[in-house]
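There are 6 protein chains.
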Amino acid sequence: MAVNGRPVIDSPAADTPSAAAPFYRAVGDEVEVFRAAARRGLPVLLKGPTGCGKTRFVEAMAHELGKELVTVAGHEDMTSADLVGRFLLRGGETIWVDGPLTRAVRDGAICYLDEIVEARQDTTVVIHPLADHRRELPLDRLGTTLPAAPGFQLVISYNPGYQSVLKNIKESTRQRFVAIELDFPPADIETEIVAHEAGIDGETAGTLVTLGRAIRSLDGSPLREVSSTRMLILAGGLVAEGLSLRSAVRAAVVRVLSDDPDVVRALGELADAVLPQ
Amino acid sequence: MAVNGRPVIDSPAADTPSAAAPFYRAVGDEVEVFRAAARRGLPVLLKGPTGCGKTRFVEAMAHELGKELVTVAGHEDMTSADLVGRFLLRGGETIWVDGPLTRAVRDGAICYLDEIVEARQDTTVVIHPLADHRRELPLDRLGTTLPAAPGFQLVISYNPGYQSVLKNIKESTRQRFVAIELDFPPADIETEIVAHEAGIDGETAGTLVTLGRAIRSLDGSPLREVSSTRMLILAGGLVAEGLSLRSAVRAAVVRVLSDDPDVVRALGELADAVLPQ
Amino acid sequence: MAVNGRPVIDSPAADTPSAAAPFYRAVGDEVEVFRAAARRGLPVLLKGPTGCGKTRFVEAMAHELGKELVTVAGHEDMTSADLVGRFLLRGGETIWVDGPLTRAVRDGAICYLDEIVEARQDTTVVIHPLADHRRELPLDRLGTTLPAAPGFQLVISYNPGYQSVLKNIKESTRQRFVAIELDFPPADIETEIVAHEAGIDGETAGTLVTLGRAIRSLDGSPLREVSSTRMLILAGGLVAEGLSLRSAVRAAVVRVLSDDPDVVRALGELADAVLPQ
Amino acid sequence: MAVNGRPVIDSPAADTPSAAAPFYRAVGDEVEVFRAAARRGLPVLLKGPTGCGKTRFVEAMAHELGKELVTVAGHEDMTSADLVGRFLLRGGETIWVDGPLTRAVRDGAICYLDEIVEARQDTTVVIHPLADHRRELPLDRLGTTLPAAPGFQLVISYNPGYQSVLKNIKESTRQRFVAIELDFPPADIETEIVAHEAGIDGETAGTLVTLGRAIRSLDGSPLREVSSTRMLILAGGLVAEGLSLRSAVRAAVVRVLSDDPDVVRALGELADAVLPQ
Amino acid sequence: MAVNGRPVIDSPAADTPSAAAPFYRAVGDEVEVFRAAARRGLPVLLKGPTGCGKTRFVEAMAHELGKELVTVAGHEDMTSADLVGRFLLRGGETIWVDGPLTRAVRDGAICYLDEIVEARQDTTVVIHPLADHRRELPLDRLGTTLPAAPGFQLVISYNPGYQSVLKNIKESTRQRFVAIELDFPPADIETEIVAHEAGIDGETAGTLVTLGRAIRSLDGSPLREVSSTRMLILAGGLVAEGLSLRSAVRAAVVRVLSDDPDVVRALGELADAVLPQ
Amino acid sequence: MAVNGRPVIDSPAADTPSAAAPFYRAVGDEVEVFRAAARRGLPVLLKGPTGCGKTRFVEAMAHELGKELVTVAGHEDMTSADLVGRFLLRGGETIWVDGPLTRAVRDGAICYLDEIVEARQDTTVVIHPLADHRRELPLDRLGTTLPAAPGFQLVISYNPGYQSVLKNIKESTRQRFVAIELDFPPADIETEIVAHEAGIDGETAGTLVTLGRAIRSLDGSPLREVSSTRMLILAGGLVAEGLSLRSAVRAAVVRVLSDDPDVVRALGELADAVLPQ
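Residue numbers (the UniProt record's numbering), protein chains in the order written: chain A, 1 to 277; chain B, 1 to 277; chain C, 1 to 277; chain D, 1 to 277; chain E, 1 to 277; chain F, 1 to 277.
By construction, these hints were calculated from the structure, which means they are not laboratory data. Note that the structure is predicted; figures quoted are calculated from it, not measured. Among these hints, one or two may not hold up.
Chain copies aren't distinguished; within one or between two, either way the pair holds.
Unchecked claim - With a cut-off of at most 25 Å between alpha-carbon atoms, the simulated SDA-like pairs for lysine to any residue come out as follows:
#1 Lys-67 x Arg-134
#2 Lys-67 x Gly-161
#3 Lys-67 x Glu-181
#4 Lys-67 x Ala-240
#5 Lys-67 x Glu-241
#6 Lys-67 x Pro-147
#7 Lys-67 x Gly-242
#8 Lys-67 x Gly-143
#9 Lys-67 x Val-27
#10 Lys-67 x Ile-95
#11 Lys-67 x Asp-272
#12 Lys-67 x Arg-106
#13 Lys-67 x Thr-145
#14 Lys-67 x Glu-136
#15 Lys-67 x Pro-22
Could you build all of it, start to finish, from the sequences and the hints given here?
This is how it looks when you write it as structure tokens:
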């Protein structure tokens, strides 16, 4: 509703929030783009740093669109069989067990392949025909091809910060997708999120966000990843369990961000300067 | 029909267009070369950048020639068994399941191996005898050799832009093929294609094509791939779903082309300059 | 209870020590952080050098919290199947055998993955959904998902000293954890530990600790790892079996720390200087 | 018959050509060497560039000698099992299926292993005993050894142009063979071959050969392989199907030889200079 | 019994030597350390050059302690299954076959893993719980854990001379062991060993030992390994079979130590200078 | 019999030559060393260049000693299962099929592992216990250990010329062997061998040997391997089949030794200078 602010998702689900409605605060045009892609059945490529809310965004969109969500964490050894399914021997009989992607294709669900960029390239053979006008999944082992049920949508995510120097999605795959880029939200919204998710008061949440943003803006940072919203929520959760703010920040932020003693000490001093005495 | 222009395919199917006739606009001599290769049963090597219309061209030729089309997306882990087939255990019985290439050989179809260049080299053993005068497929697992049905034709594609620096088709394979090279069409034809495929008006399509061509002509471009016709169609599709032209271009073109913040910003500024205010 | 000293774990189990209570002396806030994480069901990342007491700390916490402990030693070839389980053929029937992680998830135990950082990345697929709010284990081979029983907690450990230069936990995995860092205890506590564990008198234990600390403080040390508390306990155990202190130190400390003749000689001379004549 | 010319193969089969006699024109002493090797049962190593007629030469020798010819295209993943055979499960029964090499050994055929140099080295175990005085094939899986039937002959080929910088046949394998080296034939013979194989007139064939030889003699050529006789035949075949000579040369020669735009343009200009206006 | 000399093992078995008592001459404190480790059930790490008597030492200790000895030669492809065992299909039934380590654990034997440092790291998962206070072997495939029988002891060996530059035992594994270092014995003891083992007179044995020590003391030696006691025994054995001393030394020492013609010649000249004319 | 000459093997088999007695001419002390090793049951390491007669020497010794000979050609993919055997499924039953090494161990044969240096290191596990005083073969898959029948002897060979820069036999393996080094024989003996084996007259054989020795003595030779006795025999064999000496030398020597046009030309000119005009 606001333009530069962070509008609530203006969907029926948001107006009459059910207990299960995921808590999400939009930034930019990501909701509009996702809706347009969903209406046209286009696959979505989700970019953004670790812990900025990619998964939560997909959960919120699935809820708004009334679709089931199937999530798969990608990894270097993932093959197309992990996605599609395989034959298994059970009690002397051979039965076919659908993989998560096949279940989503059958059910018209959103299939969210998290960090699929790390999977082996034989996933290409199942992604391409699902991601273009064919919208079908070849099941070679079954000798058939499964048309995607209405509503099926493919969403893949990755973190351009450190993926781009390692390996990349093939260009011919990438150009079949519509891209959405997420980043950490502005301070007021992030404070609201941390307070809500961790179950702490706004002041403590604000202190955590101030610290998180101070770390993100360090010049020439030696960190591979910066302090994410997820981390701040974890720290807040430890506070909610009675741990001191200082211990919580060291456990959920400082020691997670680095193993280097010098960096850990510098981050600790930064935390001491930000946290209330 | 025209010489330097872009003639409609002058086939009966084109004259009496059926509902299923793929929309394709020819450039250069690709249609004549494909027809001559088809008459002589020669395999075709299709070169061109991502998203320039290679797949659509093969679909159009298959339609004109009245042949079934079997498409397989190549990948690094693809083996000859993925193409030819394998034995599977089903309910205590062992049955043979044809792979897509074998089905095409049996049925006299066109088998289109998309980016086959990435497959493992044991595909050589099936491609060589199919690609020369023998026109047969050795099925070692069945202990037999399958002669190609009349009309069978092998088509392989790859993108010389980034493949040539990675791995290559073996010379002894490559020299068995007749080569066709596609590129992005001229502006007027590309505008017609984008408008038709995305379902938008010609003016909006023209704006998208102007942007696409501006990106393609950037000097010293840091992009691995340029803006393809496919991308422009995707952007047009988002516009057709009600998204603003600016959001559509960022989602389907700018953020897909690069993860680098500087490049994304520069592309965004270029888009702003081209799009109507 | 003391602040800078080393407090006894103030739990009922510690007040009324049973025969099975593991002997552990806390340093810093590790016990408080672990308790808060346990109450909130958050996974714990345990950092520290080899032999400093990581395993013993987890044993002590499991005892205090009254939970079963399942320990798995990670290695480079470990796959998710090693953690989750697999189908095995037994007497003509196919049966499923739970892996150690699945047993822990079913039973609400603590699953301690020691040096999981060395495992293959397909373990990601089981760690992610267990480590965030989902708290569930996908059992793809069974076509089902197992919710974690109340009390289940995931603990992973690694040694930042030499792991950080090899391979790392993925950032997106790491940021789901709360981190605890352990180090070798202060001299008086370490002496108490060595005497208790090895079954030797305090004076001999003190000599061993003095030597251990001297080795740890060597400048420009060529050692990959320093003398651990575990080593000192092993040396003490050999003394308890009647071996001379000099032979015990050479067998359990000097020759274990290095294969380099010059380093072994230098360490031997350092030991001679520290040990009673 | 002639010394420096190119004699017809002076065999009965050549004198009374049957419909099936492969068209081959000899150059140098290759026919005499092959005959002597065949009489003594020695294996033959065939060297020469892609598309110069190695396969056709072996077909012609097999025809002259009245032997069956079994051809296998080598590849990087080829193992000895691909050559020798394997057990397969069929309808509950396990049956052995001979590989192509085993069939040739049983039948006394010529087994032509094309570019065997790319196969994995476990092929050594089957090549060595077949290539020396033992003339036997160990079938370890069957627990037996198969003596070669009279007339069996092993022929392997490779292209020294680009293989020699990659991987090589082991010296201990290579020194068991008699070597024959083929190259592109002289202009008049090549013209005769192209005209015959493509079914075009001598003048057009001569133009194609002139172009082919011009490309082969380019100084400092950036091409990995030069224009082969096979390519010229393919170009001729497209002409026979009605394509213009210019289009045929671009499709079968220019675009096949290179993906580099500058090289393609230079080859195109060379072709324009050679082809009739 | 002597201090700097080489005492006979002072065990009952040595006092009343049976026919099966392995011939071993102790140097240093290796016997005392092994005995103390055995009493406490600690695992032993045995370091020393090739052929210095590591295997014989373990055989002697097993004999003295009255334990069965299970020896396994490590190699690069060794996996935990090679040590623990696997299911095998026999006559339609699936049976479990214990690996050598499991047999030793069941029987309370000494399991001697020779050059285990070369095995794959999944052996970690079986070594760690056997090497610390747990003394148990996880049998994941059987879904159980096997407690070590009383008397079970783990002994691993490696050669620090060339292993240390290749790959190493993980520090967290290594620090669970007590280390013993062996080297070649002094001249008089080595002469006694060579004479006894090869069955030759003391003078000839002395000549061989003089040569062996001369080779070991070469400055800037190009040899990867020096002349071992094992080699001298082999040379003595050839002499016992009637070969000349010169031929025996060349066959068992000189040509084994190097393939380099210059080194072989230099070693030969050194041998000629040492051997009687 | 002669000292520096090349004595006939002075065995009964040589005195009363049977039809099957392999033709071998000894040089140096190789026969005496092999006999002594055989009497003591020691394994033999055979070094020498390709084609110098290693295989023939082993055949001759096996004949003299009245033992069966089992030969296995090593290769990079060879595993211990290739040597020892494996279970195979036949007609619903699982049967064990001995590998060649196991057959030799059972039968008391000589097992000749040709270029075993290339095999994978898991062969270590079978070679070590066979090569030392244990003389037994662990058959882990059968859960048993097979003692070597009397007369069993292990012989391994390799070519130090190019192996030494690639990979090496492990020192701990190598030092269990007695080494014999072979080289090409002196001119008169080599002439006798070539004439006998190829079935040609002494003069032609002498010409071939002169050429072979001239190639071997080239300064700064670019050849990976020199002209072997085996090559000269192959050339002689082609002459015996009626080929001209010039063609035979080019086919069996010149073109086999190199693919480099300059080297081939230089070797051809050397051949022309040596062969009779």
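Cross-check of the supplied hints:
1. In this assembly of identical chains, the alpha carbons of Lys-67 and Arg-134 lie at most 25 Å apart whether taken from the same copy (21 Å) or from different copies (18 Å).
2. When the C-alpha separation of Lys-67 and Gly-161 is checked against a cutoff of 25 Å, the pair qualifies neither within a copy, at 30 Å, nor between copies, at 39 Å.
3. In this assembly of identical chains, the alpha carbons of Lys-67 and Glu-181 lie at most 25 Å apart only when taken from the same copy (22 Å versus 42 Å across copies).
4. In this homomeric assembly, Lys-67 and Ala-240 come within 25 Å of each other (Cα to Cα) only across copies, at 23 Å, whereas the closest approach inside a single copy is 33 Å.
5. Proximity of Lys-67 and Glu-241 under a CA criterion of 25 Å is satisfied inter-copy only: 19 Å between copies versus 34 Å inside one chain copy.
6. Both within a single protomer and between protomers do Lys-67 and Pro-147 lie at most 25 Å apart by alpha-carbon distance, with minima of 18 Å and 22 Å respectively.
7. Taking the shortest alpha-carbon separations for Lys-67 and Gly-242, only the inter-copy value of 21 Å comes in at or below 25 Å, while the best intra-copy value is 38 Å.
8. Taking CA atoms no more than 25 Å apart as the test, Lys-67 paired with Gly-143 passes between copies only; the shortest distance there is 21 Å, against 28 Å inside one copy.
9. In this assembly of identical chains, the alpha carbons of Lys-67 and Val-27 lie at most 25 Å apart only when taken from the same copy (22 Å versus 43 Å across copies).
10. For the homomeric pair Lys-67 and Ile-95, neither the shortest alpha-carbon distance inside one copy (28 Å) nor that between copies (35 Å) is at most 25 Å.
11. Taking CA atoms no more than 25 Å apart as the test, Lys-67 paired with Asp-272 passes in neither setting, with 45 Å inside one copy and 35 Å between copies.
12. Proximity of Lys-67 to Arg-106 under the C-alpha cut-off of 25 Å is restricted to the intra-copy arrangement: shortest distance 13 Å within a copy versus 29 Å between copies.
13. Taking CA atoms no more than 25 Å apart as the test, Lys-67 paired with Thr-145 passes in both settings, with 23 Å inside one copy and 19 Å between copies.
14. Taking CA atoms no more than 25 Å apart as the test, Lys-67 paired with Glu-136 passes in both settings, with 19 Å inside one copy and 21 Å between copies.
15. Proximity of Lys-67 to Pro-22 under the C-alpha cut-off of 25 Å is restricted to the intra-copy arrangement: shortest distance 13 Å within a copy versus 32 Å between copies.
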